[in-house]
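Asks: Protein sequences appear in the order of chains A and B. Residue 11 in our numbering sits at position 11 of the first sequence, and the numbers go up by one each step. Residue 51 in our numbering sits at position 51 of the second sequence, and the numbers go up by one each step.
Among the clues, some could well be false.
Stated by the list, open to error - When the alpha-carbon atoms are kept at most 20 Å apart in a straight line, the in silico SDA-like pairs for lysine to any residue are as follows:
no., chain 1, residue 1, chain 2, residue 2
1, A, Lys-76, B, Met-117
2, A, Lys-36, B, Leu-423
3, B, Lys-337, A, Asp-109
4, A, Lys-195, B, Pro-189
5, A, Lys-195, B, Asn-330
6, A, Lys-36, B, Asn-39
7, B, Lys-80, A, Ile-236
8, A, Lys-195, B, Lys-191
9, A, Lys-195, A, Ala-38
Unchecked claim - Which chain A residues stay away from chain B? Per the calculated CB distances, all over 10 Å, these:
no., residue
10, Asp-123
11, Ala-160
12, Ser-247
Just so you know, these hints were derived from the structure itself, not from any lab. Cβ atoms here follow ideal geometry from the backbone N, Cα and C, with glycine treated the same way.
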Amino acid sequence: MSFGILTDLTKCVGCQACAWACKEINGLPADDGAKKLAANTWTFVEQRRGVSIRRQCMHCLEPTCVSACPVAALEKTETGPVIYQEDRCIGCRYCIMACPFEIPKYEWDSVQPRVQKCIMCYDKRIARGEQPACTEVCPAQATIFGNREKLIAIARQRIADNPGGYVDHIYGVQEAGGTSVLYLSDVPFSELGFKTASKNGAYPKLTWEILRKIPNVVGVGGVLMFGIWWIINRRITLEKVRNGELSEDEAFGASRHEEEAI
Amino acid sequence: MNLQNTKLSFWKVVAGIAFVLGIYATFVRFTQGLGGATNLTDEFPWGIWIGFDVLVGVGLAAGGFVIAATVHIFNLEKFKVISRPVILTAFLGYSLVIVALLFDLGRPHRIWHPLIMWNPHSVMFEVAWCVTLYTIVLALEFSPIVLEKFKLKKTLRLVRSLFIPLVILGVLLSTLHQSSLGTLYVLVPDKLHGLWYSPLLPVFFFISAIAAGLAMVIFESFLSQRAFNKKLEPEVLVSLARVIVVVLAVYLVLKFQDLAGRGNLTLAFTMSREMVLFWGEIGLGVVLPMVLLFSARVREREEGLFFSALLVIVGFVVSRLNVSITGMLNSETYFPKWTEIAVTVAIVVLGFVIFVYAAKHFPVFGLEKFEPGKGVPNAKTYSPAFSGNVVLAFWAVLLTGIIAYGMAANHVNNNGQNKPPALYAARSVDPLEQELQLPKNIVFPAGEDSPGPVTFSHENHVLIQERPDCTACHAGGYAIIATGESSSIPAGTMHEVHSCGKCHNGEQAFGIEDDCESCHQAED
Chain A
1 MSFGILTDLT
11 KCVGCQACAW
21 ACKEINGLPA
31 DDGAKKLAAN
41 TWTFVEQRRG
51 VSIRRQCMHC
61 LEPTCVSACP
71 VAALEKTETG
81 PVIYQEDRCI
91 GCRYCIMACP
101 FEIPKYEWDS
111 VQPRVQKCIM
121 CYDKRIARGE
131 QPACTEVCPA
141 QATIFGNREK
151 LIAIARQRIA
161 DNPGGYVDHI
171 YGVQEAGGTS
181 VLYLSDVPFS
191 ELGFKTASKN
201 GAYPKLTWEI
211 LRKIPNVVGV
221 GGVLMFGIWW
231 IINRRITLEK
241 VRNGELSEDE
251 AFGASRHEEE
261 AI
Chain B
1 MNLQNTKLSF
11 WKVVAGIAFV
21 LGIYATFVRF
31 TQGLGGATNL
41 TDEFPWGIWI
51 GFDVLVGVGL
61 AAGGFVIAAT
71 VHIFNLEKFK
81 VISRPVILTA
91 FLGYSLVIVA
101 LLFDLGRPHR
111 IWHPLIMWNP
121 HSVMFEVAWC
131 VTLYTIVLAL
141 EFSPIVLEKF
151 KLKKTLRLVR
161 SLFIPLVILG
171 VLLSTLHQSS
181 LGTLYVLVPD
191 KLHGLWYSPL
201 LPVFFFISAI
211 AAGLAMVIFE
221 SFLSQRAFNK
231 KLEPEVLVSL
241 ARVIVVVLAV
251 YLVLKFQDLA
261 GRGNLTLAFT
271 MSREMVLFWG
281 EIGLGVVLPM
291 VLLFSARVRE
301 REEGLFFSAL
311 LVIVGFVVSR
321 LNVSITGMLN
331 SETYFPKWTE
341 IAVTVAIVVL
351 GFVIFVYAAK
361 HFPVFGLEKF
371 EPGKGVPNAK
381 TYSPAFSGNV
391 VLAFWAVLLT
401 GIIAYGMAAN
411 HVNNNGQNKP
421 PALYAARSVD
431 PLEQELQLPK
441 NIVFPAGEDS
451 PGPVTFSHEN
461 HVLIQERPDC
471 TACHAGGYAI
481 IATGESSSIP
491 AGTMHEVHSC
501 GKCHNGEQAF
511 GIEDDCESCH
521 QAED
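From just these sequences and the hints, can you work out the full model?
Replies: Written out as structure tokens, the structure reads:
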């Protein structure tokens, strides 16, 4: 069962209940007064062009951050959330570089910094069969939790029921190969600061297509270089024998002459 | 002699200052974290410690595997004379890259994690493994020099018997991670400018590293000559220069083919900050040295050779910085903090110091007879042809490069391409018109001496605001997540500041003491 979150921007009143519930359940300090996502603000309702837009981790189906992490500190769980294992993280910040939605944030001012982002309450709520705190407190039902397939069906139904009230696009069905978090809007997504992430599939395949060739490079390259060395070395040895610089015993015995002068 | 001594002490002073600043910057880094020591942000998470120290450092050390392969696999004997200093440089280069990583990683004490916590899908994982293994290979490739000095014959024989497999392993590992540093950026098609983003980045990184690595060999030979009075191998260096021309030509053709193939060629001819930097990299770092080195007259003069090699190196540095910094999204928000620069300079100086030390105390140069502590005895004293002009050229190129790069990097693109959007979008709905499903009423049971229970209604409280803002109250200590427990307030505390009294104080809202019945329902 893969869960997701559907946020309908036509219903969001910008009350920040979700943002506060997130801070409360995760024990994040409220001191920042930040107007955007930060290491201690994992979700936030941004005001842009008169539209309230709830930002949070998209929980990609094939997350770029998960493929980027050298120590597998980030993980896509079967139930949907992309989670972070702090004790593995080395702090290379490639996940922050890689994320096409610019979601993961870093605790820059800490000497033991962590990468921070929404984890869809996977431990505190989903593991107990409950919905995340943010969707629970939304007074407008603008952000709802459920099975991703069902959420897509709900979103399609809403567009079908009110074709003039929405742009005909569910953001997150195809973006970056599909995301667990989905959005509906009455204003084109490109005008609301939504990243025009690739609709041609997930990002990890970009590098995997290159990485998977490594065994071939190693195998073919190794044999090729050894072959070249062998041929050239053999020729040099034979020539030395022909010129009388080496006796045949020296040349074809256990001699290591070619390495003596390394 | 006097002149040389004063020069030496001048450089010692420079090194001393660099170390003092570096040590202070190190203190700042490890007491205040990356936030205090760098200008990095969530918008721009990788700075010069990655862009310069790692990407440039690894690239310039590429001479190590190229020369090792040339000498030991292709058996081109004439390059043997430079093989030891080159391998030493590579070994130092990689060791210092690891030092730089200890600064850049948020949790440097976990640098070993990739060795036991695997993610084969990660480019960074592959780079971590290759760099670790290759540093070990380089240490082994360099070890005969140390073993010779201490006359450890048995170990020496063992290393020599493994030498060819080691060299082959070294070439493979280098090929993999030199290219993989480029692959790192294949993952960010939306963030890297079109002049640099390409699925062929690993190929570009690999080819340009070969050219820069070889140019570094030439550059370094000249410096060694100045520092140690070590005679140059002009024939060898000129051969390297020829190879560089070919490698650069391949790079140039591929680069433009790739740009054309992706339809981004126009970007190279449309005025922008990126275009300036692109031509700085291609024009000064690729085309100009190719033209210069193509001419035998330039190539065979020391100044010409040195100057061209320097151009290749500077061009390489710019190309790596373009990919890692200036070509990246949000680069206009970043300029390195002094601590970042101080650490970088200190690491470079550390490399020079260790190289000089090693060259003085180990048989690094040539295969001549060697007496420890006295340098190379039968090196020819060299005529001072390589001094005034070349040194001037060196500083001129370097300074011009730094200034031009700084100016181009700071030039804000005001072409007005990003028109600010209209303040309000045309909406088909007004979310505020819908009826909110506010939480149920909360009944606080009556305590002792209380006139009756109090019912808190969200409807009454939210409506008084123009626009619902849950944090107005919930950020102030009233939990938003229902706990399911009975939420009775201890008797008698209702009027206090952490309860109703917080707002109902007669200023923000009607005062509590006025009229009990308006809140407390009389008990039936």
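Asks: Hints first: check each against the structure and report whether it holds.
Replies: We went through each hint and held it up to the structure:
Between A:Lys-76 and B:Met-117, the direct Cα distance comes to roughly 16 Å. Compliance with the 20 Å bound is thereby established for this hinted pair. Between A:Lys-36 and B:Leu-423 the CA atoms are separated by roughly 18 Å; this keeps the pair inside 20 Å, and the hint holds. Simply put, B:Lys-337 and A:Asp-109 have alpha-carbon atoms about 15 Å apart, close enough for the 20 Å limit, and the pair holds. Distance restraint check for A:Lys-195 and B:Pro-189: the Cα-Cα separation of roughly 12 Å lies within the 20 Å cut-off, and the hinted pair is therefore satisfied.
For a cut-off of 20 Å, the pair hint linking A:Lys-195 to B:Asn-330 stands: about 14 Å separates their Cα positions. Restraint check for A:Lys-36 and B:Asn-39: the C-alpha separation of about 19 Å stays at or below 20 Å, so the hint holds. Taken as a hint, the B:Lys-80 and A:Ile-236 pair is honoured in the structure, with Cα atoms around 16 Å apart against an allowance of 20 Å. For the suggested pair A:Lys-195 and B:Lys-191, the alpha carbons sit about 11 Å apart, so the restraint of at most 20 Å is met.
A hinted pair counts as satisfied when its Cα atoms are at most 20 Å apart, and A:Lys-195 with A:Ala-38 qualifies at roughly 18 Å. Every CB of chain B is more than 10 Å from the CB of A:Asp-123 (nearest about 15 Å), matching its label as outside the interface. For A:Ala-160, the non-interface assignment is confirmed: its Cβ lies about 15 Å from the closest Cβ of chain B, beyond the 10 Å cut-off. The Cβ of A:Ser-247 sits about 21 Å from the closest Cβ of chain B, beyond the 10 Å cut-off, so the non-interface label holds.
Violated hints: none; the structure is consistent with every hint.
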